[in-house]
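Q: With the sequences and hints as input, model every part of the structure.
What follows is the residue order along each chain.
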Amino acid sequence: MLQWLPENVSTFGQSVDTLFYIIYYITLVVFILVMGTLITFLIKYRHREGQKASYIEGSTTLEIVWTAATTVIVFGLAMLSYPHWNKIKSPNEFPENPEVLVQVSGKQFNWDMTYPGPDNEFGTADDLELENQLHVPVNAVVHIRLTSVDVIHSFFVPQLRLKQDALPNRFINVWFEATKAGRYEIPCAELCGFGHSGMLGYLNVHSQADYDAWVKERWPQ
Amino acid sequence: MHDNEHASHHHEESFIRKYIFSLDHKTIGKQFLIYGLIMFFVGGGLALMFRWQLAYPERPVPIIGASPQYLEDGEVVTGADKMWERIYESEEEEWLEANMPNGVIEPAFYNMLFTMHATIMVFFVVVPILVGAFGNFLIPLMIGTRDMAFPILNMLSFWLAVLAAIIMAIGFFVPGGHAAAGWTGYAPLSSDPQWTGVEWGQNLWAISLLIQGFSSLVGSINYITTIINMRAPGMTLFRMPLVIWSLFIVAILLLLAFPVLSSALALLIFDRLAGTTFFTATAEGGGDPLLWQHLFWFFGHPEVYILILPGMGIASELVPVFSRKPIFGYRSMVYAMIAIAFLGWIVWGHHMFQSGMQPVLGSAFMTTTMLIAVPSAIKTFNWLGTMFKGSIRFTSPMLHAIAFVSMFVIGGLSGIYMANTPVDIFIHDTYYIVAHIHYVVFGGSLFAIFGGIIFWFPKMYGRYMNDVLNKIHFWLTFVAFNCTFFPMHILGVGGHMRRISNPMQYEFLQGFEGMNIFITMSAFTLGAAQLILVFNFFWSMSRGKVAEKNPWHVNTLEWEAPTPVPHGNFVGQVPTVYRGPYEYSVPGEESDWIPQAQPEHAHATGGD
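Going line by line, the protein sequences match chains A and B. Remember, the working numbering sits 89 above the position in the first sequence when you count from 1. Number 138 in the working numbering belongs to position 141 of the second sequence; there are no gaps in the numbering.
Some clues are possibly wrong.
Beyond 10 Å from chain B on every Cβ pair, some chain A residues (computed) [unchecked claim]:
(1) T126
(2) G147
(3) S170
(4) N175
(5) Q197
(6) N228
(7) A255
(8) T268
(9) S286
(10) Y300
(11) W308
In silico DSS-like links for lysine-lysine, alpha-carbon gap of 30 Å or less [to be verified]:
(12) B/K386 - A/K133
(13) B/K546 - A/K141
(14) B/K468 - A/K141
(15) A/K305 - A/K269
(16) B/K15 - A/K141
(17) A/K133 - B/K468
(18) A/K196 - A/K269
(19) A/K141 - B/K386
Derived by calculation from the structure, the hints in this document are not laboratory data. Backbone N, C-alpha and C fix where the C-beta goes; we use that ideal spot for every residue, glycine too.
A: Written as structure tokens, this is what we have:
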């Protein structure tokens, strides 16, 4: 089933995929065992003339076994996941000194990208605003200041394994590092009105040389 | 004795008192059942409309859509073309023209369709049937009493639900259309008309849900009081059937959860009509859109368990009866339900992992959510344990109970993916969650409902439902259900967002066109299969084979009552309870069942 996952092109995407696979195999094994048992019971213990069911009220030992086993598995999974979650979403664990800082703002039904320009300050004259086009270099840390001007949107790049809701009047920090040049779609993943379907931006991941050329073209001095 | 005579031979009531404004818990239960079945078709019909759009985006829906020739050169070919010709010639803008010109579903109309599909299925189908119908019908009969503690409140509960349904229905026809902000109604999309163009639709949605909330509150107070105070002699708490336990726990959840939704809805109405900003962040301050999500999900997660616990209760009745064995681990089943109900209050944040909530909270909510797997696993293993060394009868109710258990396993396991915060980053708001919720609420709750209807139908209407039709309905539903909802897991893994009206707008979803068509075809089959059930239900009411008093040889008290059950339920005194509800195949007994009301000394003779 997991071959349907889109290609991963971010540094942390592998964490998501690995956990996805671990859970997939655990649940697959549990599913096969439970269904196998169920089907065996259905065949083996189907009603036959003259045969009476056994009177069994329960088993405390078994209850303890499956309670403990389930608890261990789910706690193990949770323990395994904390560091990956923090790496992706906790601002105090983000890699510092990003090469690119961009503000992405959701607006019915577009993504507005604002680059702070060479002074790295938003709200100054050298800011650059682009509609639905995000340009970043490959293999570089990118920080995004995510916000919205109207309703809740959700910034989703399937290939980056990244999704974060954008809230009006609030700035949420997001980071990623793309590992492969290319053009990726940025759909909106949270219902935002009649134009929700088709609200679509593009993430353009350039080679370092191409990105430098793009920067030079925008800010020539 | 005189009192009982009086109770069971009540003075003749007028048609209106007997069938419409009835105070009898059984009639109110049946009213809720028919109400739920009608709404089931409304909710299902809406789903089929948006499924069409997902498979064939921007193409006219069948039957009422215009023909290709008409769209091409205006040539009127079909009856539908004639209708469109008339609509376009008329001066006023008609409803159909505004929402689906030529039969093509507009994006705003699409949003309304899925919003109302979920709203109706959750609040007007599953809760009214599980809690309203089964709760009302079963509680007094199974605990051995003559009626609910507050019959007038009970009637009020039903008629409030009818009022809520009428208000909800009016919303479809007001200018601006019905609510279109999703059944979760996330603010500020829902709290300010400027973002959707929906005016009174959203207001009526909120008002209707407020009223539906009162209906549930009134009902839950009644259930709790009745179960605590009115149990038959000998019916201790731990001799109660598990379905009564589940309804008791659910009533407590409803009582505590619905007021939270009601306050959120009241604040929403203030925001929309009085200009407050509870859910809007403004430059000057004001409220916060996340407040809505916290309030909604603080209600919403217990609500999910309200939708599944009675299903578990019904399955826990059907599996022992048709395995002819005691339920495996009765007490652990009760404690597991209590644990689920308790955990239900501390997991709401798992709906909000990607919402901008502080990431540390995400980790905390992941831990509590993962814990829900434990009581869920206990229940599943206990159902399997009940079948172990049983003598399993594959009757129609049992088939539905087995389907319930297996679909619940899939729904439970798929929940682990979403409880896991890093994996949730990817599958949040995709079809993965749509698959999950349908495996729990359709695969779970609805299979339990179908099984329960067939099982208790002989007690409700004194007749059997047609078994051939039941079997056809079961197999069609089981296969079509899995064909409809299983592929949605794959869509989710592919990143297919939910709530988009046209997946073909995205490059990365181009490969899913075929799968979407397959899902839609399966959904239409699934919808058609339900016609069999409803036909069978209404046909069997008057034409079904007459049933005896206890056709499935069940121990619980509802089968002690005569069929059809008279006003006051039991002839003579209410039964006395001598044992637990699942004494099947007791060693040394000739009969493989011993009713709860059978005195000790009469053991050897078995049932009737």
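Q: Please go over all the hints and tell whether each is borne out by the structure.
A: Hint by hint, here is what the structure shows:
1. Not every beta carbon of chain B lies more than 10 Å from that of A/T126, the smallest distance being close to 6 Å; the non-interface claim is violated.
2. Under the 10 Å C-beta cut-off, the non-interface status given to A/G147 relative to chain B is violated; the minimum distance is some 4 Å.
3. A cut-off of 10 Å between C-beta atoms contradicts the statement that A/S170 is not in contact with chain B; the least separation is 5 Å.
4. Listed as outside the interface, A/N175 is inconsistent with that label: its C-beta sits roughly 7 Å from the nearest C-beta of chain B, within the 10 Å cut-off.
5. A/Q197, annotated as away from the interface, has a beta carbon of chain B within 10 Å; the closest lies near 7 Å.
6. Residue placement check: A/N228 keeps its beta carbon more than 10 Å from all beta carbons of chain B (closest about 21 Å).
7. In this structure A/A255 is not separated from chain B by more than 10 Å, as the shortest Cβ-Cβ distance comes to only about 8 Å.
8. Consistency note on A/T268: stated as away from chain B, and its beta-carbon is indeed over 10 Å from all of that chain's, at 16 Å minimum.
9. Not every beta carbon of chain B lies more than 10 Å from that of A/S286, the smallest distance being close to 4 Å; the non-interface claim is violated.
10. Its beta-carbon lying about 22 Å from the closest one in chain B, A/Y300 satisfies the requirement of being farther than 10 Å from that chain.
11. With a minimum CB-CB distance of about 30 Å to chain B, A/W308 clears the 10 Å threshold, and the non-interface call stands.
12. For the proposed pair B/K386 and A/K133, the alpha carbon gap of about 8 Å is at most 30 Å, so the pair holds.
13. Taking the CA atoms of B/K546 and A/K141, the gap is about 23 Å. The hint holds against a cut of 30 Å.
14. A distance of roughly 26 Å separates the Cα atoms of B/K468 and A/K141; the hinted pair therefore holds under the 30 Å criterion.
15. Restraint check for A/K305 and A/K269: the C-alpha separation of about 22 Å stays at or below 30 Å, so the hint holds.
16. Of the supplied pair hints, the one linking B/K15 and A/K141 is violated, its CA atoms being roughly 44 Å apart against a limit of 30 Å.
17. As the CA atoms of A/K133 and B/K468 are separated by approximately 22 Å, the hinted pair is consistent with the 30 Å bound.
18. For a cut-off of 30 Å, the pair hint linking A/K196 to A/K269 stands: about 28 Å separates their Cα positions.
19. The straight-line distance between the Cα atoms of A/K141 and B/K386 is roughly 9 Å, inside the 30 Å bound, and the hint therefore holds.
In this structure, the hints that do not hold are numbers 1, 2, 3, 4, 5, 7, 9, 16, in rising order.
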